[in-house]
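Protein sequences, first through last, are from chains H and F. Residue 31 in numbering that gives the first Met the number 0 is what sits at position 32 of the first sequence, and the numbering runs on without skipping anything. Residue 148 in numbering that gives the first Met the number 0 is what sits at position 149 of the second sequence, and the numbering runs on without skipping anything.
One thing to keep in mind: the hints can contain errors.
So the derived label-pair ranges between C-beta atoms look like this [said to hold, decoys possible]:
#, chain 1, residue 1, chain 2, residue 2, range
1, H, Tyr80, F, Phe7, 22 to 28 Å
2, F, His42, H, Tyr82, 26 to 32 Å
3, F, Glu140, H, Arg63, 26 to 32 Å
4, F, Asp223, H, Glu10, 16 to 22 Å
5, H, His20, F, Asn122, 38 to 44 Å
6, H, Arg63, F, Gly125, 25 to 31 Å
7, H, Glu64, F, Arg45, 25 to 31 Å
Computed from the model, here is a short list of chain H residues facing chain F with C-beta under 10 Å [as the list claims (entries may be wrong)]:
#, residue
8, Met0
9, Gly1
10, Glu2
11, Ser30
12, Gln60
Hints are computed from structural coordinates only; laboratory data are not their basis. Glycine included, C-beta positions come from ideal geometry on N, C-alpha and C.
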Amino acid sequence: MGEIVDALADEDTLVVVVSDHGIIGYRGEMSDTELVRKILIENGYLVYRERPEIGFATKPQVEREITDWSKTKAIVHDDIYIYINLRG
Amino acid sequence: MKWTGPQFPVTIKNGIQVDGCFCVECCHEIPGPKLYSSVEELHSERIQLKSVQDWRNIPRSHSSPLETVLKLGSRELKALLNVLIIDSQDKGYDKVIISREKDANKCIDTLSVGSWSKWMILNFEGCGKSIKGTLRLKLIELSEDATYLRIYYSQIMSVEGWTYPKEIAKEPIENVGPFLQRVGYIQGGRIYGAWAGYDTFIEELEYHHEWLARATRYLAKKYDWDLLFVHSHAPDYMLDSIIRRADPLTAVSEEESREFLRLVAKVF
Numbered sequence: 000m001g002e003i004v005d006a007l008a009d010e011d012t013l014v015v016v017v018s019d020h021g022i023i024g025y026r027g028e029m030s031d032t033e034l035v036r037k038i039l040i041e042n043g044y045l046v047y048r049e050r051p052e053i054g055f056a057t058k059p060q061v062e063r064e065i066t067d068w069s070k071t072k073a074i075v076h077d078d079i080y081i082y083i084n085l086r087g
Numbered sequence: 000m001k002w003t004g005p006q007f008p009v010t011i012k013n014g015i016q017v018d019g020c021f022c023v024e025c026c027h028e029i030p031g032p033k034l035y036s037s038v039e040e041l042h043s044e045r046i047q048l049k050s051v052q053d054w055r056n057i058p059r060s061h062s063s064p065l066e067t068v069l070k071l072g073s074r075e076l077k078a079l080l081n082v083l084i085i086d087s088q089d090k091g092y093d094k095v096i097i098s099r100e101k102d103a104n105k106c107i108d109t110l111s112v113g114s115w116s117k118w119m120i121l122n123f124e125g126c127g128k129s130i131k132g133t134l135r136l137k138l139i140e141l142s143e144d145a146t147y148l149r150i151y152y153s154q155i156m157s158v159e160g161w162t163y164p165k166e167i168a169k170e171p172i173e174n175v176g177p178f179l180q181r182v183g184y185i186q187g188g189r190i191y192g193a194w195a196g197y198d199t200f201i202e203e204l205e206y207h208h209e210w211l212a213r214a215t216r217y218l219a220k221k222y223d224w225d226l227l228f229v230h231s232h233a234p235d236y237m238l239d240s241i242i243r244r245a246d247p248l249t250a251v252s253e254e255e256s257r258e259f260l261r262l263v264a265k266v267f
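Next up, chain F with everything else stripped away, as it sits in the complex (with noise of 0.2 Å):
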């Protein structure tokens, strides 16, 4: 499970493999995680919202609706998610509305700010291919007006490619979630991948164990087996991230390292 190091293609013969790839890219993702904004910002993508055009069944809203639109996939592969914001209160722009379609009525979830959209499975076509990928969007930030919309999506994964054999994929999908091979995150003011926060990138870290511990489960009691190997990364990620700034010898003051030791063991 998760088998330490680069390891794809895979070498062992007898046996079943879940990933091997490097903790800030995976050869079997359509891209990593991102991070759009409507503002310039570092290591983000920007977005422009506009007035609506074309939209059918915008639910009710105070303020004239908005819309943009979220360019998925890589280079190569790509994929569109249109974005509808709303007013729904009175108080502000609040809500979020993801859908394929400008329907709001088949829309894929509603979001409010912190949470996160359910798993979806889109397609990613270029290059004369077409490859499902998963992913799950959160709302990072939206100001009253609309001015601040932040929006990122965890690493997107092909849904097949990352095991041996290959068509084991299939099963945890279908049986744990999908597979999250590696989340954002940040290591001294440098970004890899994408960085929405510490909250963000405790809750990515805490999807990803939670699927291995899933998975291995329901791996290890179907099929035979005399060794397993799991191989968790956030020790290191937090390393990386968090201990800087809680262990008191570096941290800027005792407010951060008791701040950041809390987050340390969070991911513990």
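So here's chain H without its partners, still in its complex pose (with noise of 0.2 Å):
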């Protein structure tokens, strides 16, 4: 980035630095992610058909595990979002 700068921006140059997401630490044995999956799964809005242990995932791993649709309300994406499951 600096290279860029300074090859290129003068004073009437705007730099602007932007993130589409934060970093933060895993505090436990459950990323946050994994929490949200669980809370889910344990109010009846998450269901698998088939789901073998994962680790630290924080999407949804497509060809691993088979979510049962006809049952599912929301699952977790990532550790800020819930999607709902609007035809379900």
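Grab the two chains, each in its own frame, and use the hints to assemble them into the complex.
Below, the structure is given as structure tokens:
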């Protein structure tokens, strides 16, 4: 970034640095994603037909887990998103 | 430059776009990064070493020279590289010679453990197509008795297709080097592409970002612009691969935390 700004920017150039998400630590055995997933499962909002032990997955693992969409109302995606199944 | 988020085909018409594919795959790559290994290993392709046959101009080797073949490419598009393994100093096998033909005088490069080959352009053929792709190899491991041989190659990118307008792609390749669109990484034990360790991961990130800086400078100085976007995915790769082992709250030990915080600093 420094090389690009040094080479191309002058006093009239507006330089903006943005990020689409931040970073948080995982405090404990579970990531925040897994914690939210657990809450959804325990309350009957998220039902899997099949889900092997996946570990620290923050995104749905579509090739490894099979979601029962007829019974699923919501899924978790990354640490901050809950998607609602509008067809379910 | 590396437009944020999947964005092919492009939507801009009055501008230049370089890339715009996701961080774990690219619609313009021939294949992603790969690891070859002489032993059974997760997410690697097995290679078999054998005594040389039909090689010409083999350099002096104090142990019987060995050979193998790297089958590069995808299911549809394929290329081959011949590999010659020698013991150049009578201290065990130590050099890997990469060549299209079985002729060491025509080799592309000679590798020692830890070294990268120069970038090469190969023809990948199949399904009635012939596409040029850019790649480089790294010799990750070669044991003295050649039992363990591990060779990594960077993502193989087509020489065109990843820019708008299409013909722009050849300019950065010719002036600042081949494009590396993504790197292999690991997240929670799951490998995306290939994994050959943190040193290789950081070397790949370093090339990728130096290329972005060089290509941005080249294109922005040559063409007029009002808005310039540059996307770096390094913080996210780092988050996925390293941060859990760097954070003192989740690292296995203080030592691990220190080591991985050093890697975080190196990525930035």
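Consistency of the hints with the structure:
1. H:Tyr80 - F:Phe7: 22 to 28 Å: For F:Phe7 against H:Tyr80, whose Cβ atoms are near 24 Å apart, the range 22 to 28 Å holds.
2. F:His42 - H:Tyr82: 26 to 32 Å: holds, 29 Å
3. F:Glu140 - H:Arg63: 26 to 32 Å: holds, 29 Å
4. F:Asp223 - H:Glu10: 16 to 22 Å: holds, 19 Å
5. H:His20 - F:Asn122: 38 to 44 Å: holds, 40 Å
6. H:Arg63 - F:Gly125: 25 to 31 Å: Distance hint for H:Arg63, F:Gly125 holds at roughly 29 Å.
7. H:Glu64 - F:Arg45: 25 to 31 Å: holds, 28 Å
8. Met0: holds, 7 Å
9. Gly1: holds, 9 Å
10. Glu2: Since the shortest Cβ distance to chain F is 4 Å, the answer is holds.
11. Ser30: Holds, because the Cβ-Cβ distance from H:Ser30 to chain F comes to roughly 8 Å (cut-off 10 Å).
12. Gln60: holds, 8 Å
Figure legend: structure checked against the earlier numbered hints; every hint is met.
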